[in-house]
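Model the full structure from these sequences, guided by the hints.
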Amino acid sequence: MLSRHTGVIHGRFQVLHNDHMAYLLAGKAECEHLVVGITNPDPSLTAKDDSDPERSDPRANPLSFYQRLLLIKCALVEAGLTESDFSITPLPINFPEHYPAYVPMQATFFLTIYDEWGRRKKEYFQSLGVQTKVLWERTPQSKGLSGQHIRKAMAAGQPWEHLVPESTTVLCKAWGLPERLRAEGGRM
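Numbering follows numbering that gives the first Met the number 0, in which position 90 of the sequence shown is assigned residue number 89; successive positions increment by one, without gaps.
Treat the hints loosely; a few may be bogus.
[What the hints assert, rightly or not] Using 30 Å as the maximum straight-line C-alpha spacing, the simulated BS3-like pairs for lysine-lysine come out as follows:
(1) LYS132 - LYS72
(2) LYS121 - LYS142
(3) LYS142 - LYS72
(4) LYS72 - LYS121
(5) LYS142 - LYS132
(6) LYS121 - LYS172
(7) LYS132 - LYS172
(8) LYS172 - LYS151
(9) LYS172 - LYS72
(10) LYS132 - LYS121
(11) LYS172 - LYS142
[Said to hold, decoys possible] Simulated restraints, written as ranges between beta carbons of each label pair:
(12) GLY79 - LEU134: 15 to 23 Å
(13) THR81 - GLY128: 41 to 49 Å
(14) ALA21 - GLN130: 21 to 29 Å
(15) GLY79 - GLY128: 28 to 36 Å
(16) THR81 - SER43: 31 to 39 Å
(17) HIS97 - LYS172: 28 to 36 Å
(18) GLN105 - GLN157: 16 to 24 Å
(19) THR168 - PHE94: 27 to 35 Å
(20) GLN125 - ALA25: 14 to 22 Å
(21) GLY128 - ARG58: 21 to 29 Å
(22) GLN140 - ALA100: 35 to 43 Å
(23) THR168 - HIS4: 19 to 27 Å
(24) GLY128 - LYS172: 27 to 35 Å
Hint data in this document are derived by calculation from the structure and do not stem from the laboratory.
Think of the CB as a built atom: it goes at the ideal place given N, C-alpha and C, for glycine as much as any other residue.
Structure follows, in C-alpha cells:
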C-alpha cells in the first residue's frame, strides 16, 4: 500500500534517458501522484553551484523547458502511466525559497544521491522542513547514464537511441537535436 499521496521528484532531463525513467518510476511507485520538477527551467532560474558547475552551462542545457516537458510526458505515458498519475512543473532547484510557488510543500520530496550536488539538494529540502526520501545513494562511478553521455553520443554520431525511451528518440530526431549538437562541435 502506498504511504504517500503526493511525491515531488526533480531533474534537468537534458536529455531524458533510461536511467531517468528508472528514477521517475521509482518515485511514482512511492506515491499516488508524482509531481516532476524540471530544474534549470530557464536561464533566469538557473544559478551556478560549485558542487556541479557544469550543470548551469548553456551548452549542457540544449533543450527548452517545453521540450523537456514533452519528453517526460510522452515517456511516462509510454511507460504505462496515465496523465492523471503525474504533473510536470518548473522547479528552480538553486532557489529553495521559490519552491512553494511551484510544488506542493506537503508532498514527499524524492531524490537520489551520487555526489556533493545530491547532498546539497538534500540540504535544500531539509532546510525547508519538507519530508524527504532518498530513493538510493550510489557512488559517482556507479551512477550509470547521464544526459552528458547521451549528448556526447549524439554529437559524435554514435548510437544513443537504445539509451533513451522510444518517444525521446522520435522527439529528439524531429527537433534535429543530434545534428545541432554535431554542428556545435560536441561542446557540452
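Results of checking the hints against the structure:
1. Annotation: proposed proximity of LYS132 to LYS72 holds, straight-line Cα distance about 23 Å (limit 30 Å).
2. Simply put, LYS121 and LYS142 have alpha-carbon atoms about 17 Å apart, close enough for the 30 Å limit, and the pair holds.
3. Distance hint between LYS142 and LYS72 is fulfilled; the C-alpha atoms sit about 24 Å from each other, no more than 30 Å.
4. Between the alpha carbons of LYS72 and LYS121 the distance comes to roughly 25 Å, so the proposed pair stays at or under 30 Å and holds.
5. With a C-alpha separation of about 18 Å, the suggested pair LYS142 and LYS132 falls inside the 30 Å cut-off, and the hint holds.
6. Distance hint between LYS121 and LYS172 is unfulfilled; the C-alpha atoms sit about 35 Å from each other, more than 30 Å.
7. Our distance criterion of 30 Å between C-alpha atoms is broken by LYS132 and LYS172, whose separation comes to about 35 Å.
8. For the hint pairing LYS172 with LYS151, the CA-to-CA distance comes to about 15 Å; that is within 30 Å, so the pair holds.
9. Taking the CA atoms of LYS172 and LYS72, the gap is about 17 Å. The hint holds against a cut of 30 Å.
10. A distance of roughly 9 Å separates the Cα atoms of LYS132 and LYS121; the hinted pair therefore holds under the 30 Å criterion.
11. With a C-alpha separation of about 26 Å, the suggested pairing of LYS172 with LYS142 holds against the 30 Å cut-off.
12. At roughly 19 Å, the beta-carbon separation of GLY79 and LEU134 lies within the given 15 to 23 Å, and the hint holds.
13. A C-beta distance of roughly 32 Å is found between THR81 and GLY128, which places it outside the suggested range of 41 to 49 Å.
14. Taking the beta carbon of each, ALA21 and GLN130 are about 22 Å apart, inside 21 to 29 Å as hinted.
15. About 34 Å separates the C-beta atoms of GLY79 and GLY128, a value consistent with the hinted range of 28 to 36 Å.
16. Hint check: THR81 to SER43, Cβ distance near 33 Å, so the stated range 31 to 39 Å holds.
17. At roughly 34 Å, the beta carbons of HIS97 and LYS172 sit within the given window of 28 to 36 Å.
18. Separated by about 44 Å at the C-beta atoms, GLN105 and GLN157 break the suggested range of 16 to 24 Å.
19. Taken as a hint, the range 27 to 35 Å holds for the pair THR168 and PHE94, whose Cβ atoms sit roughly 33 Å apart.
20. Checked against the hint of 14 to 22 Å, the pair GLN125 and ALA25 passes, with Cβ atoms roughly 20 Å apart.
21. Taking 21 to 29 Å as the suggested C-beta distance range, the pair GLY128 and ARG58 does not conform, at roughly 36 Å.
22. A hinted range of 35 to 43 Å for the beta carbons of GLN140 and ALA100 is consistent with their spacing of about 37 Å.
23. Between THR168 and HIS4 the beta carbon distance is about 34 Å. The supplied range of 19 to 27 Å is therefore violated.
24. At roughly 44 Å, the beta carbons of GLY128 and LYS172 sit outside the given window of 27 to 35 Å.
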